[in-house]
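Enquirer: Residue strings, one per chain:
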Amino acid sequence: MNVDSSMHDDFQRRVEEARRNPQNMGELANADSVGTVGNAECGDMLRVWVKFKEENGRKIIDKASFQSFGCETAIAAASLAMELIRGKTPEEALQLRGEEFARELGPLPPTKVHCTQLVEGAIRSALAPPGAPPDAQSPVASPPSSQTAGNLNESFQQPRPRPEGSVRIVFLDER
Amino acid sequence: MTETNPPPALTPLTTMESVLARYPGARRALFRKYHLGGCSSCGFALDETLGDLCARSGLLNVNEVITYIRASHDIDRQLEISPQEVAARRARGEPTRLLDLRTREEWNAVRLEGAEFVNQELMQGLMGQAGWPGLIVFYDHTGQSSLDAAAYLAGHGFTNARYLRGGIDAWSQEVDPAVRRYRLEPT
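In order, the protein sequences belong to chains A and B. Start counting the first sequence at 1; every next residue gets the next number (the numbering used here). Start counting the second sequence at 1001; every next residue gets the next number (the numbering used here).
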């Protein structure tokens, strides 16, 4: 087994451990705020519920939960993030960045980095003051692209959508 | 003939376009295991090679990825049915629905006898008929996208859902030459 493969296996093991026992998963009843990023159509979506409480004159995060339609890395990172933001003020939680949510998972493969950005974006969506201007650093959910996989239902109900008249049918026996 | 046995070769230099052409379920397989190709963040270009995709995806071993694509393909093939077998079953009078996934223009140009054009209304009606005893066969032009439809129905309990290997083009070559072959050209 080479080094790369070993690191990959180690990452997968940690993700699997976190995913197998996720904390704070599911809708939080009576949540004070909800944030959603991503798009379930393309397989990546994360929703975060947050409930606040007052403590020593400060508004802090009492509980946070999540629901994910993303991959297991997103679930694992979200699970860790919910624990990390608990007890923090919204302002403190907004200072956290994606890589901090997944620190326990170890170095992320490049393809998984956007999973932590998804978590950061959902928390930001839930905690940002209403009417706040978009944060330039905030991850922005990507709409499904016609050049990407989409989902199974889409892939055959809208097969290769084309503008009318953009292609023509040429019978091979007419050549 | 468009027989696909033995499996077509894949190497690190194979472009993703060729990978998808040779293994129609590869995109689904890559997303399922490696989270590649599902959205714009993890998407890939058709002209990049499998080796390049694995390299820029960090720690992926390209040979393991190839092995996984092939293994998934073997599972996909359980949903595959050949034009000859469909024709034989119909000849024996077995109940068979042929569902056409192509565009309206292609449907109007040429179609299989007795086929039904797939639209949302048809799919909604179909979803309530999981217990229907006959065979349900999806087809497209060359068999590239009908696997997804069969897999979708199979995931909803339709054990009788299949996709036509090679699509209507293979039907023309292997069963009925009267079904005219065609290609699509940009105008």
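Note that these hints are calculated values from the structure, not bench results. The structure presented is a predicted model; accordingly, all values stated were derived computationally and were not measured. Just so you know, even glycine gets a beta-carbon here, dropped at the ideal spot from N, CA and C. Careful, some of the hints might be misleading.
Taking CB as the label site, the calculated pair distances span [claimed, not checked]:
id: 1; chain 1: B; residue 1: Gln1129; chain 2: A; residue 2: Arg168; range: 34 to 40 Å
id: 2; chain 1: A; residue 1: Arg168; chain 2: B; residue 2: Gln1084; range: 26 to 32 Å
id: 3; chain 1: B; residue 1: Met1127; chain 2: A; residue 2: Arg58; range: 48 to 54 Å
id: 4; chain 1: B; residue 1: Ala1130; chain 2: A; residue 2: Lys51; range: 40 to 46 Å
id: 5; chain 1: B; residue 1: Pro1186; chain 2: A; residue 2: Arg103; range: 47 to 53 Å
Under 8 Å between C-beta atoms, here's a sample of chain A residues computed to sit facing chain B [what the hints assert, rightly or not]:
id: 6; residue: Leu28
id: 7; residue: Arg103
id: 8; residue: Val167
id: 9; residue: Val170
id: 10; residue: Phe171
id: 11; residue: Leu172
id: 12; residue: Asp173
Enquirer: Using the Cβ atoms, figure out if Arg168 (chain A) sits within 26 to 32 Å of Gln1084 (chain B).
Expert: Holds, since Arg168 (chain A) and Gln1084 (chain B) (Cβ atoms, about 31 Å apart) stay within the stated range.
Enquirer: Looking only at beta-carbon atoms, does the pair Met1127 (chain B), Arg58 (chain A) fall within the given range of 48 to 54 Å?
Expert: 52 Å, holds
Enquirer: For the range 40 to 46 Å, tell me whether the beta carbons of Ala1130 (chain B) and Lys51 (chain A) fit it or not.
Expert: 41 Å, holds
Enquirer: Quick check on the hint: Phe171 (chain A) CB to chain B CB, less than 8 Å?
Expert: 5 Å, holds
Enquirer: Measuring from the C-beta of Arg103 (chain A) to each C-beta in chain B, is the shortest one below 8 Å?
Expert: This hint is violated: Arg103 (chain A) lies away from chain B, its Cβ roughly 17 Å from the closest one there, beyond 8 Å.
Enquirer: Taking 47 to 53 Å as the stated bounds, is the beta-carbon spacing between Pro1186 (chain B) and Arg103 (chain A) within them?
Expert: At 50 Å between Cβs, range holds.
Enquirer: Would you settle whether the hint for Val167 (chain A) is holds or violated, based on the nearest Cβ-Cβ distance to chain B being less than 8 Å?
Expert: Holds, about 5 Å.
Enquirer: Once the shortest beta carbon distance from Asp173 (chain A) to chain B is found, is it less than 8 Å?
Expert: Because about 6 Å separates Asp173 (chain A) from the closest Cβ in chain B, which is inside the 8 Å limit, the hint holds.
Enquirer: Can you tell me whether the CB distance of Gln1129 (chain B) to Arg168 (chain A) sits inside 34 to 40 Å?
Expert: 36 Å, holds
Enquirer: Given a cut of 8 Å on the nearest C-beta pair, is the interface hint for Leu172 (chain A) held or broken against chain B?
Expert: 4 Å, holds
Enquirer: Tell me if Leu28 (chain A) is really an interface residue toward chain B, meaning its C-beta lies closer than 8 Å to one of theirs.
Expert: Violated: closest Cβ of chain B sits about 26 Å from Leu28 (chain A), beyond 8 Å.
Enquirer: So, Val170 (chain A) near chain B? Judge it on the closest CB pair being under 8 Å.
Expert: 5 Å, holds
Hint violations for this structure: numbers 6 and 7, all remaining hints satisfied.
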